[in-house]
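Colleague: Since each chain comes alone in its own frame, lean on the hints to assemble the complex.
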Amino acid sequence: MAEKNTNVARQNTAKPSEIATNTLVPPVDICEDKEGVILYADLPGVDKDGLDVHIDKDTLQISGKRTACGTTDANKCYAELPEKDYYRAFTIGEEIDREKISARLTNGVLKVVLPKAERAKPKKIDIKFS
Amino acid sequence: MQVRWYDGFTPTFNDFFRLRDELDQLFDIGLPLADIRSVPRGTFPAINMQEEKNAVTIQAGLPGVDPTEIDLTLEDNVLTIKGNRTIKTDGEKTSYHRRERFSGDFARMVSLPEGLDAEKVEAQYRDGILNITIGKAEEKKPKQISVTVG
Chain A
1 MAEKNTNVAR
11 QNTAKPSEIA
21 TNTLVPPVDI
31 CEDKEGVILY
41 ADLPGVDKDG
51 LDVHIDKDTL
61 QISGKRTACG
71 TTDANKCYAE
81 LPEKDYYRAF
91 TIGEEIDREK
101 ISARLTNGVL
111 KVVLPKAERA
121 KPKKIDIKFS
Chain B
1 MQVRWYDGFT
11 PTFNDFFRLR
21 DELDQLFDIG
31 LPLADIRSVP
41 RGTFPAINMQ
51 EEKNAVTIQA
61 GLPGVDPTEI
71 DLTLEDNVLT
81 IKGNRTIKTD
91 GEKTSYHRRE
101 RFSGDFARMV
111 SLPEGLDAEK
121 VEAQYRDGIL
131 NITIGKAEEK
141 KPKQISVTVG
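So the protein lines, in turn, are chains A and B. If you read the first sequence in my numbering, its first letter stands for residue 1, the second for the next number, and so on. If you read the second sequence in my numbering, its first letter stands for residue 1, the second for the next number, and so on.
Pulled out of the complex, with its shape left as it was, chain B reads as follows (with noise of 0.2 Å):
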């Protein structure tokens, strides 16, 4: 059997990966060359976006915050995901022994792709994410064109 000293790190490494990923994380020191329109670690909401056939569709995570108090604007092709989730302490009399959760005010701007059609968005919350699916514009699906034999 071929042994490969890099395929597989045995499992106590972790520890110490994780323990890096955390260091990095307090300093945001761990990308050099980060892209320019990257975003730092620990940005909230987190989010994802993909581009369909027929819609852009955007996922946040935004566990905890009710839902009516999400502030979504869709203006001039860039979506705004704003809100507040305040985490409340319980008096003086508790501890803590942890705080990673965020908490306070966020906003995020998102800048969509061309074509969409603002009159076609819907948003919906489950479970700590808000899906948002924006339609796209009739003249930018793309279209099957038909070759007739002359």
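The following block holds chain A by itself, in its conformation from the complex (with noise of 0.2 Å):
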């Protein structure tokens, strides 16, 4: 616990660009209807305790932190997956409710939920005809 209070503490110091130094860029699909914006992430071999989703004013960090993923010592055929924890970070509009944003890791895949505040979502205003 200790070493994940650290590392939340890193980053609010860190710029994003700082911690972007030798991190792999997970593929992200982002998408968006009425009710908010939606952030799905491909991390595999992340676990809970790993993966650490943050928001700092208008940042949204996204840092995984990759368990073993194989022997070191041993002869390498095949190296395409790298040694080297995930990091990603995406600025949010004002339009995002921050007290509701709401995350879940399911085989490997995040799912980051960012609904909209009541007043940025689109109304359909009534017109009165005399």
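No wet-lab data here; the hints were simulated from the structure. Nothing here was measured: the structure is a model prediction, and the numbers come from that model. Check before you lean on any hint, since a few could be wrong.
Stated by the list, open to error - Here are the computed lysine to aspartate or glutamate pairs in the EDC-like style, where the Cα-Cα straight-line distance is at most 20 Å:
id : chain 1 : residue 1 : chain 2 : residue 2
1  : B       : K141      : B       : E119
2  : B       : K93       : A       : E35
3  : B       : K93       : A       : D29
4  : A       : K76       : B       : D105
Modeller: Below, the structure is given as structure tokens:
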């Protein structure tokens, strides 16, 4: 637990571009409807303890610590999954309700739901006829 | 203090490096002299394979794939990983800002080192990684030969 705290502290002080050194950029899908924005990220090899989804002001930071993928001393034949951690950051707009953001990790896929604040949702305006 | 200009770019450059990587990936011209056995970037699934003393271990990155839907076959020393990962779109009312994740059918064939025992195969799926262990045949395992003094 202590380790995780220091990790968070480091992220608060470091700029996203500084953490981006030596990390993998996970592929993402981002879609939007009138309810909000949904982000999916492929993070194979990351478990719940290794995942950190963090919001600092306007920045959504996703970092995932990879569990060991094969032994290091063995003779490598293929090495397409590098031994690196994942990191990616996005800026989020004013219309996202910071308090209602939720995240879920299933089978190495992270789903982050960023609902829009009530005031930012599209409204249909009734037209009165007289 | 000795300052070497090439030793450590400022973090600002990382964004440029990433841009260069993305452009290379787009055209796949990053490696003009690529290995004949190399695979293009973005090949799904990405795999790691190690040859150990008693077994060959393979890890395939298959996030979000139903483990029961993965078709894994071993024939003539060639391992085939097949399956489907279709990402459903949520109808016309959803607009996409980014679509970078792989979607569709995939198949990957990997030729394995000699001397494996097809009966000693184990596959386990965890956190989006498929771990495959294939044991070596007894006669192919390294043997310790004791030297006797005569």
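Colleague: Which of the numbered hints above does this structure break?
Modeller: 4
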